[in-house]
Amino acid sequence: MELKKKKKTTNQQTSDSYSSTHYAYAYYLEEGSPLARSHTETRQESTMASSCNRQYFLNPRLSLRLVILLWTVMWAVSAKERAADIYLRGEVGGNVTFHCPVDKTRTVIFFYFQIKNEFVNGYYKTKDITRPVWENTRVDCNETAVHMYGLNISHSGKYECIIQYADSTRINEAFIELSVTANYSKPTITTFCDGENLSCLVTCSSHGGYPRAKMIWNGPMSENTTNHMLTIVNSSEVPNPVTMMFNSSSTANFNCSNGQLTGLSCSVGDVTSDVILVCTPKVPPVLSNVIVGFACVVPFVLLLGLLLYCKCKKRQRGKDRDYFCQNVAVLIHFNSMLFIQHRVITEVISRHFSYRAGLDCTL
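The opening position of the sequence shown corresponds to residue 0 in numbering that gives the first Met the number 0, with each subsequent residue numbered one higher.
There's no promise every hint is true.
[To be verified] With a straight-line Cα cutoff of 20 Å, these simulated EDC-like cross-link-like pairs (lysine to aspartate or glutamate) come out:
1. 281 with 195
2. 126 with 139
3. 124 with 139
4. 157 with 117
5. 124 with 102
Don't read these hints as lab results, they were simulated from the structure.
When you get a sec, could you build the whole thing from the sequences and use the hints?
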């Protein structure tokens, strides 16, 4: 008796375990979330359900429901065919064409093109589509393609092609992901230096770009000199709330103690600014005074010589006419020599300071 009772208990546990497994699978079909249930929860549900599963499977109506539900899910899974994802790029203001993969040897009944369950365009072979379409799109029924015009940033996203053929009930799906970009404008540079040119504040800015990009400074500078000469004061990438495109800018402070910096530029994305000079040395005060002095003296001497020459020409008589004219000629010659010396001195001083500035940059 004990042996038979023990065997009966074992068979009952096997039956209950089998019933619990099927109950868990039925829960998977009805709720669709088996992965969220842990192994512990499954065992607990099996224990709790063991007392009622026998009646569940003895009921023919419930068994028939389970079979129908299982068949429906299996048919739904097999009724859809999905192709590999396609990636497409476009530019703001440009056009793109979405070519949905299709078997040209078969007849297409309907073709839907949508994004996030929002209908974009498409066609039915046997009837007209009453749903509104995007105004910037046009569908090509022969090629199963959609042309999109006047792109903007909001058109970016994953689009879905839904196709059904006449000889099958299966729904064919394909996804095309569109990325819309925008080129940044050529960066413009503005420079503001202090009175002594000891430091310069330089700002580089660009607008109308996408995706977000940071402004980068370029120049013939090593890492050591960069850390010493350049300090980033402000850097920003601000989106436009309407166009969704970015305005990128950067402001840097340059230390001019090391002399003039040549070949400086900035870039964002694939666009680079013009090359400029920073920390250009100012004209020394001594040179400025020399230039001002000569500028005042030379015109006065020229005017005086011209007046004396005219007076000499008017004198028709007198013994000292020749002597006076000779003096005027000497004065004019002296004036011309003075002007030449002015140019030579100015050029020598300019070369001297340019040479010193070159030495500072080299050092």
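Here's how the hints hold up against the structure:
no., hint, result
1, 281 with 195, "8 Å, holds"
2, 126 with 139, "16 Å, holds"
3, 124 with 139, "13 Å, holds"
4, 157 with 117, "11 Å, holds"
5, 124 with 102, "16 Å, holds"
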